[in-house]
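Please build the complete structure, drawing on both the sequences and the hints.
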Amino acid sequence: MTKGGGKRHLKRYVVSKHVPISKKADKYTVRPSPGPHAAYDCIPVAILLRDMFQFARNMSEVKRILYERNVVVDGRVKTNRKYPLGFMDVLSFPKMQKHYRMVYTIKKGLRAIPIDENETTEKLCQIKNKTTIKDGLIQLNLHDGRNIVLSKEEDNNSTYATHDTIKISLPEQKILEKFELKVGTYGFVTSGRWMGRHGAIEEISAHGTKKTKTVTLSTPDGEKIVTLYRYIFVVGDQSPSVTIEGKK
3 MTKGGGKRHL
13 KRYVVSKHVP
23 ISKKADKYTV
33 RPSPGPHAAY
43 DCIPVAILLR
53 DMFQFARNMS
63 EVKRILYERN
73 VVVDGRVKTN
83 RKYPLGFMDV
93 LSFPKMQKHY
103 RMVYTIKKGL
113 RAIPIDENET
123 TEKLCQIKNK
133 TTIKDGLIQL
143 NLHDGRNIVL
153 SKEEDNNSTY
163 ATHDTIKISL
173 PEQKILEKFE
183 LKVGTYGFVT
193 SGRWMGRHGA
203 IEEISAHGTK
213 KTKTVTLSTP
223 DGEKIVTLYR
233 YIFVVGDQSP
243 SVTIEGKK
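FYI, in my numbering the residues of the sequence shown are 3 to 250.
FYI, nobody ran anything at the bench for these hints, they're computed from the structure.
Predicted model only: the values in this text are computed from it and were never measured.
Errors might be hidden in some of the hints.
With a straight-line cut-off of 20 angstroms between C-alpha atoms, the simulated SDA-like cross-links for lysine to any residue are [what the hints assert, rightly or not]: (1) K19 - K100; (2) K84 - V151; (3) K169 - A202; (4) K100 - K132; (5) K100 - S241; (6) K180 - S241.
Each pair of labels, with its calculated beta carbon distance range [what the hints assert, rightly or not]: (7) K80 - D118: 16 to 26 angstroms; (8) R10 - E205: 39 to 49 angstroms; (9) D239 - A41: 47 to 57 angstroms; (10) H11 - D239: 44 to 54 angstroms; (11) R59 - E156: 47 to 57 angstroms; (12) K80 - S24: 36 to 46 angstroms; (13) N131 - A41: 12 to 22 angstroms; (14) R14 - S207: 33 to 43 angstroms.
All residues carry an ideal CB built from backbone N, CA and C; glycine is no exception.
This is how it looks when you write it as structure tokens:
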């Protein structure tokens, strides 16, 4: 007899390192839905509302908040308590006039940091892949599952490379700016030992593939850090174009 689809539950001891819950408080927790971010690299909306922000005491209250359409992610209302929130997602609570961006932090992993309302209409997305579709048009495949098809004009006027970052409008998905992964631009480390650190890109090793070559960053405190090329997410030209760090 075959299985009736994927698992619907998740034991606490195997949750993502980003989820800030006690692994011994209960047996099960919320399993993130398939979506824009991998299960090991996201936080379900319900966990954020109940355990991180403590806007709800239990799952019934979480559902009520969602069904009253109080949660907006990337400019669109979300009602699924299992919806996965990941890096650079923009989260808003319009009735409370509170807005957040999901970023990696030092030691704590993925967290929501406060941002101003004027930042909720823009988002940074990294180009993970490019594909050619019907009529020879180029489609950009982004880190959060989005796909943007370039018009022939856009394709002719600009070169988009994998690992570059584009700033898009929300929810329209219009390309506003492009930031290349090159010496001089501002990078953010998304994984590894230096996760959550950021700084100006000083050097990119000339040897190796994109999986093995390294990047040297100069942080705002003057520290030099070396990490893998594939761990770098460009967030601006000479400085961050959006808020990437919470208030200390």
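Q.
Just to be careful, I want the Cα atoms of K180 and S241 compared with a cutoff of 20 angstroms; is the pair within it?
A. holds, 14 angstroms
Q: Go ahead and decide if the range 47 to 57 angstroms is satisfied by the Cβ distance of R59 to E156.
A: holds, 48 angstroms
Q. Does the Cβ pair K80, S24 satisfy 36 to 46 angstroms?
A. violated, 25 angstroms
Q. Can the suggested window of 33 to 43 angstroms be confirmed for the beta-carbon pair R14 and S207?
A. Given a distance of about 40 angstroms, which is inside 33 to 43 angstroms, the answer is holds.
(Q) Tell me if the beta carbons of R10 and E205 are separated by a distance inside 39 to 49 angstroms. (A) Between R10 and E205, where Cβ atoms are some 47 angstroms apart, the hint holds.
(Q) Hint check: K169 vs A202, CA-CA at most 20 angstroms. Holds or violated? (A) holds, 18 angstroms
**Q.** Range agreement (Cβ of A41 with Cβ of D239, hint 47 to 57 angstroms)
**A.** violated, 33 angstroms
Q: Assess, step by step, whether the Cα of K100 is no farther than 20 angstroms from the Cα of K132, and give holds or violated.
A: violated, 35 angstroms
Q | Given pair status - S241, K100, alpha carbons within 20 angstroms | A | violated, 25 angstroms
Q: Starting from K84, check that the Cα of V151 is at most 20 angstroms away, please.
A: violated, 28 angstroms
Q | Supplied distance hint 16 to 26 angstroms, evaluated on CB atoms of K80 and D118 | A | holds, 21 angstroms
Q: Quickly compare the C-alpha distance for K19 and K100 to 20 angstroms and report which way the hint goes.
A: violated, 26 angstroms
Taken one by one, the earlier hints fail for this structure at numbers 1, 2, 4, 5, 9, 12, listed in ascending order.
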